[in-house]
Amino acid sequence: MTGVLLEPAEPVSTFRAERAPFRWLLEREVLRYLRIWRYSMVGPVLSTVLFVVVFGTVLSRHVDGIGGVGYGAFIVPGLVVQAVLNVGYFNGTTSLYEARRDRYLHCVLASPLRWWEILGALVLAAVIRGVLVATAVLAVAVPLTGVGVARPWFLAAAAVAVLVVAAQFGVIAGAVASSLDHVYSVESLVLLPLGFLGGIFYPIDQLPGGWQLLSELNPFFWLVQAGRIGFLGHADVPGWAALAVAWGLALGLSAWSAGLFARGHRLKD
Amino acid sequence: MPEPTPALRVRGLRKIYPGGLTALDDLELTIPAGSLFGLLGPNGAGKTTLIGSVCNLVLPTAGTVEVFGRPAVTREARAMVGLAEQDINVDRFLTVRQVLVYHGGYFGLGRREAARRADEALELLGLSAKARVTAPELSGGMQRRLVLARALLNRPRLLILDEPTAGVDVDLRGEIWRLVRALNAAGTTILLTTHYLEEAESLCDEIALIRSGRIVDRGTAVTLRERYEVASIADVYQRALNAEEAVA
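Protein chains in written order, with our numbering: chain A, 751 to 1019; chain B, 57 to 304.
Pulled out of the complex, with its shape left as it was, chain A reads as follows:
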């Protein structure tokens, strides 16, 4: 038996990487969902595009425009936000929960990767997936509905917040879930209802009083509003309020996930 692997490395006083372990983990995370592209990319894009086609083009012929824009253009921002939130949630849960369940997370925890590098790689990979899915949806939705970007800088600020919220929500769910039942129940009992009550398909002033209040308590509502202001220039709430809530959620969830990873909560025994 011969080879360099049979001999131990020389001791070093300070760990130095030829290529940052963070970059390796990020690459692995992206590779993971690209390998299952039918489920991870095509599925969410197709389902969102079908909403745009059915509601935005077919039904919009029978629905008056809202706030000066066609119904198709009205719903596209919310549908994109919903798609990003869905892929962010499933990215974090499938990647981290399965890594915990199958225990290959141990390889990462036992390596020189620091907790914030692990968290950063998971979040950034989910953000990239969200950008890819949103771009693909818009590539179809823009020509179909004619939706444009009224406030590009506002949209950029809102998009970053939405992407971070989605990614961090998924990572937190992946860290605390103790079964696949938890993962899928959150999707059907939390994500789906919040999405439908988040003002994607209607302006809030068309709801009865109690439902309006309920919508305003729904974090998805504020994310949808932030996206809509970026695309259309206006929505049901002031821009500063939508952006403040979106960034408040992004920072709050980031602090929560950082706390979980720093303590190793549910990641270590």
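Computed from the model, here is a short list of chain A residues facing chain B with C-beta under 8 Å:
#1 M751
#2 L755
#3 F765
#4 R782
#5 D852
#6 H856
Keep in mind that the hints were calculated from the coordinates and are not lab data.
From the three backbone atoms N, C-alpha and C, an ideal C-beta is built for every residue, glycine too.
Use these hints to put chain B onto chain A, whose structure you have.
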């Protein structure tokens, strides 16, 4: 003359899991650099919790763990440890070769060096023909080879093998023994846990017996046999652990 820095120094290590189970009970253990050290004990004795504490997988309740003089939680310490766990825990999304390349990457290797070491590990463990399949497509024995190959990618100074021969056939067990001996001969310190007592007796230059989260005795196979006036390590195991049970 100062004593050389041990490969592993564990002091007062205690782990109480939520729910009250005490897995490690003020455990003390020092493993000299360069040794091939066996850790024997029944299921639930604390072996895997000890290994987890060394490898940043378990949060100890109290105590300290040092690897070659560095706190086990530091990157420098983690870079010096290779771990092959008892369970087959490989990334099912990657091919066999990618599992090795990315694992090398987590230890800071460049792309070319990670690929070179991955290819060497594939050759060393007889996995070259399976480089492009994913881990779930491998047989149990092949998966065990992959777990061992992965543990070598960072050229660890302390290699921890948690029951590496559990459930493997006689041929593979022989291969693993030869590999372990070659690694140790080249200077790698090895901490081996096993349920095969003859394996510990044949491979290890020192053996510790663990029960209820504490080391109850340690020594070379010869010393232990003489101390308990028995013919084999299997008898030592029975005597030492039964005596401990009687005291408890």
